[in-house]
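Enquirer: Single-letter residue listing:
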Amino acid sequence: MSIPLHLYLPIAGNSVNLLVILGLGGGVGLLSGIFGVGGGFLMTPLLIMFGIPPTVAAASDSNQIVGASTSGTLAHFRLGNVDFKMGLILLIGGIAGGTVGVQIIKVLRQLGNADFLINLTYVLMLGIIGSYMFAESLQSMRKTQKKIPAPGPRKESMYGRIVKKLPWQMEFERSGVRVSVLMVLILGILVGILAAIMGVGGGFIMVPVMVYMLRMPMHVVVGTSLFQILFTCINVTIMQAWRNHTVDFILALLLLIGSSVGAQVGAKLGKKLRGDQLKILLASLVLVVMVKMLYELLARPEILLAYVGGH
Amino acid sequence: MKIEYFILFVAIGIFTVSTAAAQDDARMTVEPQAIHIGALFNGTTLTAKGSLPADSEAIVRFMGAPCEFHMKEKGKVGGIMWMNLDSITFKGAPGVCMVSSAVDFNHLEANGGASIGVLRLSGLKGSVQIEANGDGHENAFEEFLKLKQKEGLYREMLGNISYGSASEGQKTFVAQIPIPSRLSPGAYTVELDAVRKGEIVARAEQPVTVNLVGFPALLAALAFGHSALYGILATIIALLAGLGIGLVFQGSGKGGH
Chain A
1 MSIPLHLYLP IAGNSVNLLV ILGLGGGVGL LSGIFGVGGG FLMTPLLIMF GIPPTVAAAS
61 DSNQIVGAST SGTLAHFRLG NVDFKMGLIL LIGGIAGGTV GVQIIKVLRQ LGNADFLINL
121 TYVLMLGIIG SYMFAESLQS MRKTQKKIPA PGPRKESMYG RIVKKLPWQM EFERSGVRVS
181 VLMVLILGIL VGILAAIMGV GGGFIMVPVM VYMLRMPMHV VVGTSLFQIL FTCINVTIMQ
241 AWRNHTVDFI LALLLLIGSS VGAQVGAKLG KKLRGDQLKI LLASLVLVVM VKMLYELLAR
301 PEILLAYVGG H
Chain B
1 MKIEYFILFV AIGIFTVSTA AAQDDARMTV EPQAIHIGAL FNGTTLTAKG SLPADSEAIV
61 RFMGAPCEFH MKEKGKVGGI MWMNLDSITF KGAPGVCMVS SAVDFNHLEA NGGASIGVLR
121 LSGLKGSVQI EANGDGHENA FEEFLKLKQK EGLYREMLGN ISYGSASEGQ KTFVAQIPIP
181 SRLSPGAYTV ELDAVRKGEI VARAEQPVTV NLVGFPALLA ALAFGHSALY GILATIIALL
241 AGLGIGLVFQ GSGKGGH
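Residue numbers (my numbering), protein chains in the order written: chain A, 1 to 311; chain B, 1 to 257.
It should be emphasised that the hints constitute simulated quantities derived from the structure, not laboratory data. Just so you know, not all the hints are guaranteed correct.
Claimed, not checked - EDC-like cross-link-like pairs, simulated, lysine to aspartate or glutamate; straight-line CA separation at most 16 angstroms:
| no. | chain 1 | residue 1 | chain 2 | residue 2 |
| --- | --- | --- | --- | --- |
| 1 | B | 76 | A | 302 |
| 2 | B | 74 | A | 276 |
| 3 | B | 146 | A | 173 |
| 4 | B | 74 | A | 296 |
| 5 | B | 76 | A | 296 |
Remember, predicted model here, so these are calculated numbers, not experimental data.
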């Protein structure tokens, strides 16, 4: 017996089961709450798996992240965990990168390769991040006493020396770091391009960038990342709606409702699990999604035709 | 006397011809004649009723208007990854093609006659033009059929037509035609073909219109007609929803990313 609650999505051009979409949002939100990381990188592939056209899935997910990151930024702002100066520079780069990314998608849609690029970018990003997280958490589980050394200013690496030589150095008081504005701007552009292509806020890329490349403290990283993601996704949503007509607002709203409730439940569940266990579970999940997408790129497709424009 | 015989002969002839014409006649009505896609639309069912020659079988088709489909054919790049390569256009293919029959298509075809074949999905090949760059597109039409069938827009169905009583060489029929949820607004046609020994002996058709109504119509008009405004509104509503959720769950401190 099928569940009778269906909603017609005029942008996706199909009807979806309301409970399935709410459940999908809830499930990803639950994982997001448990692991304390974003759900965007999981949401878009799952929507694609559930039959939403990839370009609509990616754009609608950006719209959903606007809502999700608003509540997150608000919470972190209250705790004083947002470095506005750093966030603003990353934001300028993110907006420029997001605009470029939307144009790239538009051109690729004309050529019929937008879905291919989205899938390939996902495979690469999920593969890199999943493998890194898996290796790190495995190492950490093996040597529970030996914690991963936090990147500190005491030992000057070659990377550190190069970063210090870059022009337009600026002091970021809230984060307690001094880095080149140019470097922050370029990193923002790169994350913005990826966010537009993948339809995610860029949090799972931005957080490692801030921790390992900008060397910011973790508590400030999360708040600042959310602040930057919020504005990047506002730009991506407007651009995707304006240029590509791929934002399904109803789909985004349903996902937002589901993910918000799921995240709250997940946050409570997450407190009952150990950090290493959480990390390795998340890494496994990321790698499973990556393998599935990689298989789709490598295996002979069931049908050897695709619409131009992703629909 | 000869004149009377002649008149009688002509009258009998006219009666016989008109009876035969009536027997090879097909009539059909369709309900509803318009499909409205509202917010809760999840496909629907059309009911086609009518009559056809008693010794024929009904094939009912729900057809979309012929259109052009611009596609890419997938191929292997560098012998490793599958991606879209050659451009290919299918001209004159209906957007939707739902074929219903009371009797197994193979059984109908086995009874002889060639015209039955054109009513099947595979029969669309004759009316669809394929334009492509490069060579090696021999199976393109079959792949096109597979794609459309996967989308639920092309389908051959058996057993959704029932017959009623027969009289004066005609029998009644009722067809329940399932309409997929993945439907675009536009003009459609329901066609009835009466088939005897594999040949079409009578035809009838009725138009059906499909349009967006209510919230989907409003949203589509906004998204495609005023796309920048739509994007801004979608953002503002998501922002307000996020703020509302933040207030409801305040104090949790967990963000989406």
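Enquirer: Between residue 74(B) and residue 296(A), is the straight-line Cα distance small enough, at 16 angstroms or below?
Expert: Holds - the C-alpha atoms of residue 296(A) and residue 74(B) are around 12 angstroms apart, at most 16 angstroms.
Enquirer: Given the hint that residue 74(B) pairs with residue 276(A), does the C-alpha gap stay at or below 16 angstroms?
Expert: 42 angstroms, violated
Enquirer: Residue 76(B) and residue 296(A): Cα distance at most 16 angstroms?
Expert: With a Cα-Cα distance of about 12 angstroms, the restraint between residue 76(B) and residue 296(A) holds, given a limit of 16 angstroms.
Enquirer: Checking one constraint from the list: CA of residue 76(B) to CA of residue 302(A), max 16 angstroms. Satisfied?
Expert: Holds - the C-alpha atoms of residue 302(A) and residue 76(B) are around 14 angstroms apart, at most 16 angstroms.
Enquirer: Is the hinted pair residue 146(B) and residue 173(A) satisfied, with a Cα-Cα distance of at most 16 angstroms?
Expert: 60 angstroms, violated
The structure does not agree with the numbered hints 2, 3 stated previously, though it agrees with the rest.
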